[in-house]
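Chain A is fixed; fit chain V onto it per the hints.
In order, the protein sequences belong to chains A and V. When we follow this note's numbering, the leftmost residue of the first sequence carries the number 4, and every step to the right adds one. When we follow this note's numbering, the leftmost residue of the second sequence carries the number 4, and every step to the right adds one.
These are calculated hints, taken from the structure and not from any lab test. One or more of the hints may lead you astray.
Some chain V residues judged to face chain A by a derived CB distance under 10 Å, without partners named [as the list claims (entries may be wrong)]:
1. L40
2. K42
3. Q101
4. A102
5. I147
6. H237
7. Y356
Calculated Cβ distances over 12 Å to all of chain A for the following chain V residues [stated by the list, open to error]:
8. K169
9. D226
10. N312
11. N314
12. A376
13. K497
14. E540
Computed from a predicted structure; not experimentally measured. Don't be surprised by glycine CBs; every beta carbon is placed ideally from N, CA and C.
One letter stands for each residue in the lines below.
There are 2 protein chains.
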Amino acid sequence: MTPEIAKDEARKQLVANWSSLSRIFLSPEDDASKDILLKYMEQILFGLHDFLRENVGITEEVSLKTLSDQFMETRICEHPEKMLTEVITDLIEEIAPQAVNVASPYFVGHMTSAIPFFMVHLKTITAALNQNLVKLETSKIVSILEKQVLAKLHRLIFKRSKQFYKEHVQNQTTMLGSFIDDGTLANLTALWTARNTVLGPKAGFDGVESEGIDAAYKAYSLDRCVVLVSRLGHYSLRKTGGILGIGNKNIIEIETDQDFRMDINALEKAINDIEQDRRRTRILAIVGIAGTTETGTVDPLRKIGEICNNNGIHFHVDAAWGGPTLTSEKYRGILDGIELADSVTVDGHKQFYMPMSCGMVYFKDPCKLDSIAYHARYVNRYGSADLGRKSLVGSREAASIILDSALKIMGTKGYALLIDHGIETARAFAAEINRRMNFELITDPELNILTYRCCPANLCNGLQSASPHEKRSINKKLDNINTVIQRVQRESGKSFVSRTSIFVEKKYNEEIVTLRAVIMNPMTTVDILKEILDEQEDIYRRFFL
Amino acid sequence: MTPEIAKDEARKQLVANWSSLSRIFLSPEDDASKDILLKYMEQILFGLHDFLRENVGITEEVSLKTLSDQFMETRICEHPEKMLTEVITDLIEEIAPQAVNVASPYFVGHMTSAIPFFMVHLKTITAALNQNLVKLETSKIVSILEKQVLAKLHRLIFKRSKQFYKEHVQNQTTMLGSFIDDGTLANLTALWTARNTVLGPKAGFDGVESEGIDAAYKAYSLDRCVVLVSRLGHYSLRKTGGILGIGNKNIIEIETDQDFRMDINALEKAINDIEQDRRRTRILAIVGIAGTTETGTVDPLRKIGEICNNNGIHFHVDAAWGGPTLTSEKYRGILDGIELADSVTVDGHKQFYMPMSCGMVYFKDPCKLDSIAYHARYVNRYGSADLGRKSLVGSREAASIILDSALKIMGTKGYALLIDHGIETARAFAAEINRRMNFELITDPELNILTYRCCPANLCNGLQSASPHEKRSINKKLDNINTVIQRVQRESGKSFVSRTSIFVEKKYNEEIVTLRAVIMNPMTTVDILKEILDEQEDIYRRFFL
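The shape of chain A in the complex, shown without the other chains (with noise of 0.2 Å):
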């Protein structure tokens, strides 16, 4: 039989028994198709670099519309459709070229990048154990495991005494903190906590969780809660307050100060504002960012710590960025004061490097998140070691395995490698571009992100001098070379930087376009950088000369 033939064959075997099943569950259909499959897998746990270089990321550029019209059928196959070995060189051969390569040195443009080849492994055994973290029946020493390395990083950020850690680490009754999908919904947790504390139980009165927000306003005599964030707050900020009931609208934007940091100055001004009323308006929180996803930069955070803690709001620091900056010796400083912080956020799939998706959000006080508890008469009983009983989530996978292995590979010193690589290398791409005529910085990177534009000298010089309105008509031309440039140079392939737009008050006073660099993989250097503005030039001459 030729190979062609006994493919043939062994797809006309494809039709669903109960043999076949059996087959399915317990291993690959023959010796052929392992020896396939161990070739893909070994060169995808063992090369993950050179797999991710060699089979992913748009060469060609191929429109949405042609793959999109290889994507329309809805019918599910009624029969197995294909071999396990031939949806996996699909997946690899089809699927992988047309994905995107977030491994790629050039990809500098969100926060993805390459991630350490073992997550790959470790992601691998979590899959295999599948357990789940809602109950400790279906976990058990996960959950146990789970505590402690909650812990690890609940130290790193508040520093509490030993004598703290020894009593709840492993504590079933209180909890440090909580895995959950992405920053969005820990950040969501953390406000959630805020609001059901601020809006708690009291005489006569079931709280806001059981009896809703209209009843707790009626029954606090508000009218409305408000969160304070930087205009530079992440938009799940915005979301957060629509899902709780306090109307997206009360999530009100301090102004930032010149280096896009929270205005202190603004902040207290709105809540002496907020004060006026304060029989009306509750302030359920104030957040800091430590590390806006537009610009990196980091909000003063102790000045924000003191003034919540003397007016006994809930301080929530979003460090789904930043948080990691704590492991390095050089840089945690600029998080200083995120200890005063009631509640923080960090993600694990941002600077740990971890496999998508894992977020966390880790509180002061262990008991917050006793203001979210559910129980049920299956499983999260009351007075049971189930994590589940206190979530924003029911069913997890144990992201907590991955997050502890890699602590346990790379010491907080590993990770500051990668930290100050960060930092360090975007310091050098600012001065790159500060050095170059057709460039403008146009946010320093306190971590390691920043925004810039091509401005092309003649138009540059232009702007010093210009009228408000002949600067404006000449920051629109910009906005468009920018947007153009860096659609472009994504669609052509090697490199990707992001986009969006900054208010830039001093100096302009109004929004506009930038290109955004996050640099977090190790393997971008300075010289890549340059050669990804070299590209951006030459789209400029290519387009607009």
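Just chain V now, with coordinates in the frame of chain A:
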């Protein structure tokens, strides 16, 4: 050098420096380590079930206290503490044996079971590609593939026209559903859209999402909003009421009939009662359950759907458990009427046998998710094809790759075999329970879940002729017996059924402790279930006679 000395030497080199870091990102420490890893990963990927049998599972009971004592350290190591091979050896030799072998055919207590071995391959590939589905720029073709698989499942549920699917499968402005971490968050997403639709924008009011619950109630002249669900509804629905600001006490329990399905008369009475003050109370949604967590029963979906459609009420079906029953020609009729739903929750990690965790929510109206849309400057821009625009969560992994591949490998007929096996084995198990003197079947398995209790003949016989007071006293004894049986059996480590309490109206008019079996593992046979009953009888004899 002896192997031990070599290992010590290797560990001495565990310093975090730039060259070790590059190695960590790129490949195993050395060939010896690679060989060990290869051996483990081959076992996991190609002998998953042997691997689990040999390595995972509680064979001797170790107390939580004893386990906890080994997880007290709360400092993160500064220097790398272990080599990758050591970490993975520890996971397999120390952690796995104390985890729960949810893949054992004797583990019939929860909604987690063995998964086909290839699911672990698919999870590995997904982790290696590390796409982030929040936006096209970090997922590209995978976003397109995801839209296709959403359409496939939508079609399985709602069976809308060919033209409908052609229009929407790759439509960038509409969405047929959403992948999300689990069923809890799927239910939350569904009720969030229901809330935002009922309390949507109108003249002089920006909508509840923007202005909050309090303003919405004023704008619509309401005192409260409620959700109706049977008393067997999942606890996540109460949680959802709390989160969304309507108050969890407004998730109103409707009584069940003698078959543990929502009592339609009770539902109609509740609706009438609410209509009496219709101007002041609004029903946000009625939830029908397709496979309750405790009894696996399915509410009369068609009748509930008709009532909802006639009254213009959002009909949500929680089919987290039962959804995949639609693949079975033989049993899909049990879910008759599900196509009347406005939204449907289905879990991938339950009866689609995917690894932890994958929830999904589907909407009949492809514009329904517009009511929860959010945008930002750097992602999810207006008009973009980013899937994160209309999603509860932000960053998330490509679970859709796994489901899509599994559907191709299994076909609906492959899944149907699993579904049919579960239902038929559960029925045979029920017959066996009915045959035994010392057991009482509490809830018949409509799908593949049943509850029962050990009810020794001497007590059972007394029960029928007893006075109400005596009945209660006997049931108390039985509660204790069954609690002990469940605990001792779990601790002895071979088999696992779970425990819950069921309100048995007709027979006892009280809540009694029951044992609960969920039959989803295709390796679970009636003989195994008989062994489980034998062990339970044996425990009864040892502890109570």
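Cross-check of the supplied hints:
Restraint check, L40 of chain V versus chain A: the minimum CB separation of about 7 Å is within 10 Å; hint holds. At about 12 Å, the closest approach between the beta carbon of K42 of chain V and any beta carbon in chain A exceeds 10 Å, and the interface hint on this residue is violated. Taking 10 Å as the C-beta contact cut-off toward chain A, the hint placing Q101 of chain V at the interface holds, the least distance being around 4 Å. For A102 of chain V, the shortest C-beta to C-beta distance to chain A is roughly 5 Å, which falls under 10 Å, so the interface hint holds.
For I147 of chain V, the interface hint holds, the least distance from its beta-carbon to any beta-carbon of chain A being 5 Å, beneath 10 Å. Given the 10 Å rule on beta carbons, the hint for H237 of chain V holds: about 8 Å separates it from the nearest Cβ of chain A. Checking Y356 of chain V against chain A by beta carbon gives a least distance of about 9 Å; that is within 10 Å, so the hint holds. Not every Cβ of chain A is farther than 12 Å from the Cβ of K169 of chain V; the closest lies at roughly 7 Å, contradicting the non-interface assignment.
The claim that D226 of chain V is not at the interface with chain A is violated, since a C-beta of that chain comes within 12 Å of its own (minimum 7 Å). Every CB of chain A is more than 12 Å from the CB of N312 of chain V (nearest about 24 Å), matching its label as outside the interface. Remark: the non-interface label on N314 of chain V is consistent with the geometry, its nearest Cβ contact in chain A lying 22 Å away (cut-off 12 Å). A beta-carbon of chain A comes within 12 Å of the beta-carbon of A376 of chain V; the shortest separation is about 10 Å.
Listed as outside the interface, K497 of chain V is consistent with that label: its C-beta sits roughly 15 Å from the nearest C-beta of chain A, beyond the 12 Å cut-off. Non-interface status of E540 of chain V relative to chain A is upheld: no Cβ of that chain comes within 12 Å, the nearest being about 22 Å off.
Violated hints, in rising order: 2, 8, 9 and 12; the structure is consistent with all others.
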